Amino acid sequence: MADTKAKSGVLLDIRNLRIEATVYPPGEAPKNIVLVHDVSLTLEKGKVLGLIGESGAGKSTIGLSSMGYGRGGVRITGGEVLLNGRDILKGGKEGFRKLRGREVCYVAQSAAAAFNPAHRLMDQVVEATLLHGTATRAEAEKRAVALFKKLSLPNPETIGERFPHQVSGGQLQRVMTAMALCSEPDLIVFDEPTTALDVTTQIDVLAAIKDAIRDTHVAALYITHDLAVVAQVSDEIMVLRHGRLVEWGGTRQIIKEPRQEYTNALVSVHEIEHAEQKPGTAPFLSVKNVTAAYGGGHVKVLKNVSVDIYPGQTLAVVGESGSGKSTLARAITGLLPPEQGTVTFDGRPLANRLADRPKEDLRQLQMIYQMADVAMNPRQTVGTIIGRPLEFYFGMRGRARDRRVAELLDEIEMGKGFIDRYPAELSGGQKQRVCIARSLAAKPKLIICDEVTSALDPLVANGILKLLLNLQEHEKVAYLFITHDLATVKSIADSIAVMYRGEVVRYGSKSKVLTPPFDAYTDLLLSSVPEMEIGWLEEAIKGRRMASAGN
Amino acid sequence: MSSPILKLIAQRIALGILLLLAISVLIFAGTQILPGDVAQAILGQSATPESLANLRQQLGLNDPAYVRYFHWLGGVLTGDLGTAMSSGQDIATSIKGRLWNTLFLAFWAAIVAVPLAIILGLIAVRYRNGWLDKLISGLALASTSFPEFFVGYLLVYFFAVHWQIFPAISTVYDGMPFGERMQAIALPAAALTLVVLAHMMRMTRAAILNVMQSAYVETAELKGLSAFNVIRKHAFPNAIAPIINVVMLNLAYLIVGVVVVEVIFVYPGMGQYLVDHVTKRDVPVVQAVGLIFAAVYISLNIIADIAAIVANPRLRHPK
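Keeping their order, the protein sequence lines are chains A and B. Just so we're aligned, residue 1 is where the first sequence starts under my numbering, counting upward by one. Just so we're aligned, residue 1001 is where the second sequence starts under my numbering, counting upward by one.
It is possible that some hints are incorrect.
Which residues of chain A face chain B? A partial, calculated answer using Cβ under 10 angstroms [stated by the list, open to error]:
hint, residue
1, Arg97
2, Arg100
3, Gln109
4, Ser110
5, Ala114
6, Asn116
7, Gln124
8, Ala128
9, Pro164
10, His165
11, Met176
With beta-carbon atoms standing in for the labels, derived distance ranges [stated by the list, open to error]:
hint, chain 1, residue 1, chain 2, residue 2, range
12, B, Tyr1127, A, Tyr294, 28 to 34 angstroms
13, B, Ile1009, A, Gly56, 47 to 53 angstroms
14, A, Asp373, B, Ile1013, 41 to 47 angstroms
15, A, Thr342, B, Leu1006, 41 to 47 angstroms
16, B, Leu1006, A, Gly508, 46 to 52 angstroms
17, B, Phe1107, A, Ser454, 54 to 60 angstroms
18, A, Glu339, B, Ser1299, 39 to 45 angstroms
19, A, Gly508, B, Ile1009, 50 to 56 angstroms
Derived by calculation from the structure, the hints in this document are not laboratory data. Values in this document were obtained by computation on a predicted structure and should not be read as measured data. We put the beta carbon where it would ideally sit given N, CA and C, even for glycine.
So here's chain B without its partners, still in its complex pose (with noise of 0.2 angstroms):
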């Protein structure tokens, strides 16, 4: 590795910190701007001007917000996310396990729908406006057409109910058997599958299609390449760096998108978490999961970044 790649990515690493710091931000002043605090929130009814005002000065809602909002960085750099209001635990504790839950289901979906979709994209610039690449197109742009909690019912109605292969409410626990574990997220990682797969299909379509003009690819032609071959070995590896793009903020919606998919099959992940909280009002955990949200996304989205460095021989093997 040479010094100006390291530079590159260096810099995209320190970007991508202070986007983060300057979302926390966001998310605190956000927060700010609702109507009533904490302590209002926690005495709820039973709230009198007195014991308002003790409790504020206790948890040191008195002091201005940049003091607060530094005190709340200070926790959430050391680990200490707050304690949820709703039910008085400690937040990092219980969003350990979900956001396990969470990545668990979106790293199957992915195993699944990277590689489907880069092949079925390979295919289709194989057999381009045939009819395969039709129905490639076609299929996969109606699976995404569908509202994900469409899609989530339907594989309910044929696969648990009717055909009962698999369990309709994906429940898991601490310890569970990696095989039982692995059934009772099929439904909900097929229904994501689904809804990610056509963009990165046709990300991979347009991608490769657009090097295909390229005088190289005539010349692997001129070799006597055959046609698959001219696409896996010459289009693709110089159409990486936009499917990566793609790719990587497909992951990162099967990470923060799962919200309505984990709701209709009661998986415990981070979706089901946050929702629980929003309609509890319970503003320390919607602060905390919102930055962990805005983390994965901009992580992932350096990860992408630096993929596409990476695969450029220019910035890799300079003169």
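Okay, chain A solo, but in the shape it has when bound (with noise of 0.2 angstroms):
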């Protein structure tokens, strides 16, 4: 029988899914959910299949279907998942660890956690093909040297030695890869393999992939939320939601003709228009020459760094991780007060350190984190946690605090029904929803964002950038907002200071920052980010080398 299905070339065969977990509420009975609603796909031999959906759509959860395995007691309750012919949910613990490891291997979101601190890299790499007995170590190992050539890690013959913690995140996720196909899979489960990385790192990672695929003939799911990542490198593209798929087809197909809304909603999910304003008289920040460094004046984080924030306008700061973004922002409080420079304020310099700041400054810089879901007390409800600046700021006490808090949940779209819940009850969303109305609640000048989007799904990011645009039309607050994402930064920016190593590098109007000609660094950046083309990636990484040729 296998012989017959292998003749067809089918490798992966899944039929009516369903895949159900039990959660505990608190304070109710534990209850049964379902994850995956009979979905079924096919998967031939050597191709790629990309899952694609927000966070809860259930891509993971699929993926790993086919290891047999279910994170966190997700269990497979119907349906089949045929590969290479025969049904493995038979198979028993046994079956699913002999499969795992050789017929089917797993790249995680992120290899710099997947990896064991413990062991050298090269043990890890080889240690499936080892365990499967598919090979002698001196083979696995030549094999894994010869896979890290591929993938083009530098000293292909040496990082093998190394300890994961001495090699960085691009290429730990490389080495993941090189692991993977060191055992000769026939299907490879790529879970975001790129999504931890910076752009500029993704666009190599993802051509390295790409290659390694294409040469050694493995099947790949490859799931990620980035349908522009996914065009990329699959064949064909499965797009699921809640669970339930909406739209499978060829990789061209949904991304040019999708034919339903929703993937509609995912191709043009970073299409806002914003007309850029131009810089009024004055600003009414200005950061002057500052450098600040962490341990003692030792790591140089920020150096020399001046830019200038005008009222009611967006100041978007772009760069790496480690560029010294959330350093501008932390000196700009006084956090981290700078060692050189100073920050005007209203025309006057603001005291350095945090502490010696009367109250009225405070209140007018407030700040929005990354991850609202820990920039919450969890133990409060919608209203203290809204009401507090009211309190602290203006001394509003009982019904007038409630009517402002409740003002306050209509500006961010979210009524009065959200005042006595907890942060835990909130959707991501919903939860820097929230945390917007917080800084609001001050009233403040300017709100510093802090990569405010970066943990959210495409959609729901889009529905807080649109938000917070309008709230800038009514309520005239400038925003200094950091990001990594150039997408983001073309829809909210009025002006784009991109830094690179604690410097800025080009600082300017929006137009004039997104106008070649490009420096170095903001060509790389600009050219990293996945267009939702096929065959961008040949071309960016064409492109690039004949830039890096250039320079």
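Each of the two chains sits in its own frame; use the hints to bring them together as a complex.
Given below as structure tokens:
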């Protein structure tokens, strides 16, 4: 039977898959919820199927079902998973163990977390191969080194000697891909393999993965929430939502002619029109030649940074992780007193240290963070959270305060019904809205938004961006918008500062910054943002090589 | 070995020495606060004001406290722990044999207890929340909850009185053949093992369960490793630091906390020596034993710190 299947070329055939989990809501009886509703898919040998959807769509759950694995008590309760013609769900624990790491391998989102910090990379890369006895240690290591080379890792001969913490995140992600390929499986499940990487690193890893898939003829399930990324590597794309199939088709059809409204929303998610405002006459906040350092002056993270913020406008600060974006915010708010330079507000210098600033100055600068759920006290209701700045800055009490809280909830499009809810009862987008309301409650002149949309699904993030733009129009508040995502920048910024290794390398109005000629780094940054075009990856890599050769 | 790690280790050792000095001050000060002095204790009932004054002069008791402290410390550093008042014997000589006996007992108790505790901890994690886990945890807790004298007497009742396998009194002497010596310490070693087992076992279990949530454990499961190998190869090496800490605390307890067990089995170790001389108010002996116990405690904790540093690949192999 296996032979007939093999001839037809079908590797993985999932039929009416149903996956359930038991949840334990506090104070209620445990209940069963269905995570995946009767989803079917087939994957041919050597082909790549992209699974795409928001968090909670069931993409990882479906991907892991091909290995018979359920995270945290998740159970496969119905359907069949046919791999190489046999139903793996009937194989039992022993059967799963034989197939994991041999027929199907897994590449996790964060390789930095998925590698064991206690063992050398080589030992981990060849572990599955040795376990299943498909090669001797010497053969497996030779294979690994060849894969390191193919994935263009530096020092392929010796990188296996290293421990995970000695290797960068982008390199680890490639080592993890080598680990998956090392046991020569039929199928690899890539679970958001580039999501945790900087955009300039993502493109290299993506290209390496694509080449490796092509050259080894392995089939792959490629899971991601980023349609532009999946369009580069997949033959077909399956769109999922709430554990149900939305649309399944060839890559070109999905991104060019989506048939479902939801797919269309995903495809056009980044198209917010925002007309740039001309800078006013005078900035209300000026950062002048600020230098800041951690570790008692040893590690300089900001070098001579100067930017201006105009009333009611948005300055976007972009750069990779470690470029000093968040440190700039910490220097402005006084959390990290600058070593040199000044921050001027309304024509007078602000005290360097947070503790030396009067309450009025604190009120004028508010912050919103990336992780909304850890930025709120889980034991306080939404009403208390939003009401707190009203009491603290304006001394509002009782009914006056409640009225204002209700108004603020209206402004963030969330209605009065949420006043008595706790953060745990809110969705990710709602939590971020509450944080926005909390910062608005202080009636600040400037809100610093530190990667506020990075942890959110694209559509939800879009809603937050639109809300921020609306609020800016009504409240005339200015934003310092920190992000690594250039698409977000285009939607919201009036002026842009590009940061690289603690320095501002390009600064000016949005149109000026985004118009060529570019400096080398801005060019690299801009050309690395995935576009929803088939063949973009190859073009970008080619263009980049030329650019780097030209430099 | 690289220099940052050596620096860390040197720091730990220097801190330990400083701590030990501070403790020696405390021990010395503590014995000074007690009413009466050595001269009075030696002369006892026959003391006359003249003889007291004479003896104080002789012993240097009229010197200021810090002079006497440095005199005492100087003696300790050169291996002279002073003379026991009750017997007039040199403390260092009488302690040597006793310390050896205590270390011998602690060593064999540790040889059994540490691997047993860790293996039981691994098994408990493998079958977590199942009946085997609950049985192990329950038994271990019960053995710890019983006071050690009760455990000791239970052992004596069954193994010495009822079945007469092991002696009830653990007499050991110089030149005793190894086999007989082992037989003599079987019961006190078993009692000690039961007392320290649960603490180490539960810490092993908790530390490993903590890392079982990690992504790299999932990676190992998805390579097809068996549940026990996932724990042994991938979870345990990352849980080692807290486990070592608890193990060392318990080893220290095996040496300095054996007083009750030694008394029950009349074992000639440090604990019994200490109890004997506390009842006789023999201050120099109490000082000496206190200092040795403190030194043991501090050195084992330093070893735990160093082991935790060395077990951390980030420190062992810096970028």
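Now the hints, each set against the structure:
The beta carbon of Arg97(A) is positioned within 10 angstroms of a beta carbon in chain B (closest approach about 4 angstroms), and the interface hint is therefore held. Taking 10 angstroms as the C-beta cut-off, the interface hint given for Arg100(A) holds, the closest approach to chain B being about 4 angstroms. Taken as an interface hint, Gln109(A) checks out: its beta carbon lies about 8 angstroms from the nearest beta carbon of chain B, inside 10 angstroms. Satisfaction of the interface hint for Ser110(A) is found here, the shortest Cβ-Cβ separation to chain B being roughly 6 angstroms, below the 10 angstroms cut-off.
With its C-beta approaching chain B no nearer than about 4 angstroms, Ala114(A) sits inside the 10 angstroms limit, and its interface hint holds. Annotation: Asn116(A) was flagged as interfacial toward chain B, and the flag holds, the nearest CB pair being 4 angstroms apart, inside 10 angstroms. Taking 10 angstroms as the C-beta contact cut-off toward chain B, the hint placing Gln124(A) at the interface holds, the least distance being around 8 angstroms. Contact between Ala128(A) and chain B, as hinted, is supported at the beta carbon level, the nearest pair being about 4 angstroms apart and thus within 10 angstroms.
Interface restraint check for Pro164(A): the shortest CB-CB distance to chain B comes to about 8 angstroms, inside 10 angstroms, so the restraint holds. A hinted interface residue such as His165(A) counts as satisfied when its beta carbon comes closer than 10 angstroms to some beta carbon of chain B; here the least separation is about 5 angstroms, so the hint holds. Evaluation of the Met176(A) hint against chain B yields a held restraint, the C-beta minimum of about 8 angstroms falling below 10 angstroms. Checked against the given bound of 28 to 34 angstroms, the beta carbons of Tyr1127(B) and Tyr294(A), roughly 46 angstroms apart, lie outside it.
Our hint of 47 to 53 angstroms for Ile1009(B) and Gly56(A) holds, since their Cβ atoms are close to 49 angstroms apart. In this structure, Asp373(A) and Ile1013(B) meet the distance hint of 41 to 47 angstroms, their C-beta atoms being roughly 44 angstroms apart. For the hinted restraint 41 to 47 angstroms between Thr342(A) and Leu1006(B), the CB-CB distance of approximately 43 angstroms keeps it satisfied. A C-beta distance of roughly 51 angstroms is found between Leu1006(B) and Gly508(A), which places it inside the suggested range of 46 to 52 angstroms.
Roughly 56 angstroms separates the CB atoms of Phe1107(B) and Ser454(A), a value that falls within the hinted 54 to 60 angstroms. For the pair Glu339(A) and Ser1299(B), the beta carbons lie near 43 angstroms from each other, so the given range of 39 to 45 angstroms is met. The given range of 50 to 56 angstroms is respected by Gly508(A) and Ile1009(B), whose C-beta atoms sit roughly 53 angstroms from each other.
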